[in-house]
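If you want the building blocks of each chain, they are given just below.
Protein chains: 2
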Amino acid sequence: MVRISSSALGKSMGLTASQIRQDLFCFGEFGQQGYGYKVDSLREEIGGILGIDQGHTLVVLGTGNLGRAIIQNFRFSTNGFRLLAAFDISPAVVGTEIAGVPVYHVDRLEAFCAARPVDVGLLTVPIAAAQEMGNRLVEAGVRGIWNFTNYEITCASPEVVVESVHFSDSLLTLSYMISQREKHEEEEE
Amino acid sequence: MVRISSSALGKSMGLTASQIRQDLFCFGEFGQQGYGYKVDSLREEIGGILGIDQGHTLVVLGTGNLGRAIIQNFRFSTNGFRLLAAFDISPAVVGTEIAGVPVYHVDRLEAFCAARPVDVGLLTVPIAAAQEMGNRLVEAGVRGIWNFTNYEITCASPEVVVESVHFSDSLLTLSYMISQREKHEEEEE
Chain A
1 MVRISSSALG KSMGLTASQI RQDLFCFGEF GQQGYGYKVD SLREEIGGIL
51 GIDQGHTLVV LGTGNLGRAI IQNFRFSTNG FRLLAAFDIS PAVVGTEIAG
101 VPVYHVDRLE AFCAARPVDV GLLTVPIAAA QEMGNRLVEA GVRGIWNFTN
151 YEITCASPEV VVESVHFSDS LLTLSYMISQ REKHEEEEE
Chain B
1 MVRISSSALG KSMGLTASQI RQDLFCFGEF GQQGYGYKVD SLREEIGGIL
51 GIDQGHTLVV LGTGNLGRAI IQNFRFSTNG FRLLAAFDIS PAVVGTEIAG
101 VPVYHVDRLE AFCAARPVDV GLLTVPIAAA QEMGNRLVEA GVRGIWNFTN
151 YEITCASPEV VVESVHFSDS LLTLSYMISQ REKHEEEEE
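These protein sequence lines are chains A and B, in that order. Its first residue numbered 1, the first sequence is counted upward by one per residue in my numbering. Its first residue numbered 1, the second sequence is counted upward by one per residue in my numbering.
Hints may be right or wrong, so weigh each one.
Unchecked claim - As a list, the in silico EDC-like pairs of lysine to aspartate or glutamate whose alpha-carbon atoms are at most 20 angstroms apart: (1) Lys11/B <-> Asp23/B; (2) Lys38/A <-> Asp23/A; (3) Lys183/A <-> Glu159/B; (4) Lys183/B <-> Glu159/A; (5) Lys11/A <-> Glu152/B.
Said to hold, decoys possible - Beyond 10 angstroms from chain B on every Cβ pair, some chain A residues (computed): (6) Thr16; (7) Phe25; (8) Val39; (9) Ile70; (10) Ile89; (11) Gly95; (12) Val101; (13) Ala111; (14) Ala114; (15) Ala128; (16) Gln131; (17) Glu163.
No wet-lab data here; the hints were simulated from the structure. The model shown is predicted, which means the values in this text are computed figures rather than measured ones. Even glycine gets a Cβ: it sits at the ideal position worked out from N, Cα and C.
Could you put together the complete structure from these sequences and hints?
Written out as structure tokens, the structure is:
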């Protein structure tokens, strides 16, 4: 049985042992004082908290460059998701497969979701279509929307979670950190 | 002159007026009690804090689907960045332009960065090339790396900032929120 201490775990994540212990404490009792954590069961418990063991299902709306990049490269199964299908309107791509994932016309979205549970819709459609496609996903019964459209969609249902990936948040964070260091260097000169 | 109150600002961002006031207070004095903020100067001051006014420059390494999607769709100028060039190794793309951005062979990276200041390198190369390309960017003198490779690159220089976009962090957040709601619904039944 492999164990890991909170300080070793913290070191590999760039955190202090105390942060690790406090964060895990929010979710219950893990490990044993002085003995660390059993790696296998810690992994399993964290996976359970994150819902990785729930077998969530997902469809992708929009197979442009970004949608295609995510379908081809993102490890859905490692994150506990099954990618069932993609939807688009372009005749060039409807009826084809991308990395083994079938691409259907978006007209078939509602029928597809009625036939089987779809937990999450991933949105990579153009901004102009973002809100409408978000509405259709909610109507079709998804529980979550993973939004890459750079448009802040409004969700009519309080039961549906929207998680947006805004690249600009990340670039502005980088911009801020660079600017702070530049200021600091100027002050030192 | 257009003004906005902290409560109106908070409402549009999904925050409370108090959060807005506290957050801005971290960076100095903004607005005037009872009169709100002047929109123009608040925008300018926040832009200054984030370094949007610094004219930062950027190059993209890797023009696969993700790199291409970002070059074509991301609004660099809105975020205060100028995208100067992209680099790749594929003969199919080297020498072409993507949305007006020239694509050079990665062999030319060092010469390019020596000829003009390049503040940030955006990494969308395959995982196997991530660390090596990160090292080359640091050697070439960038101040920041915007890392989309899903690989936690190690940065030899303490002066270079690495900002990583991990899609899985976002999907696991969504997974967690969906699982929490499912548990809550089960408890209510």
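Beyond 10 angstroms from each Cβ of chain B, as asserted for Ala128/A: 13 angstroms, holds
Minimum Cβ-Cβ distance from Gly95/A to chain B exceeds 10 angstroms: Holds: least Cβ distance 20 angstroms, greater than 10 angstroms.
Cβ separation check - Val39/A to all of chain B, threshold 10 angstroms: Label holds. Min Cβ-Cβ 19 angstroms, cutoff 10 angstroms.
Assertion that Thr16/A lies outside the chain B interface [Cβ separation over 10 angstroms]: 18 angstroms, holds
Restraint check for Lys183/A with Glu159/B, where alpha carbons must lie at most 20 angstroms apart: 13 angstroms, holds
Given as non-interface: Ile89/A, partner chain B, CB spacing beyond 10 angstroms: It holds; Ile89/A is separated from chain B by about 18 angstroms at its closest Cβ, greater than 10 angstroms.
Interface-negative label, Phe25/A against chain B, beta-carbon threshold 10 angstroms: 17 angstroms, holds
Assertion that Glu163/A lies farther than 10 angstroms from chain B (Cβ): Glu163/A not clear of chain B: closest Cβ-Cβ about 4 angstroms, inside 10 angstroms.
Proposed proximity, Asp23/A with Lys38/A (alpha carbon, max 20 angstroms): 17 angstroms, holds
Status of the stated non-contact between Gln131/A and chain B (beta carbon gap over 10 angstroms): 17 angstroms, holds
Given pair status - Asp23/B, Lys11/B, alpha carbons within 20 angstroms: Distance of about 15 angstroms is within 20 angstroms: holds.
Status of the stated non-contact between Ala111/A and chain B (beta carbon gap over 10 angstroms): 23 angstroms, holds
Of the numbered hints stated above, those contradicted by the structure are hints 9 and 17, listed in ascending order.
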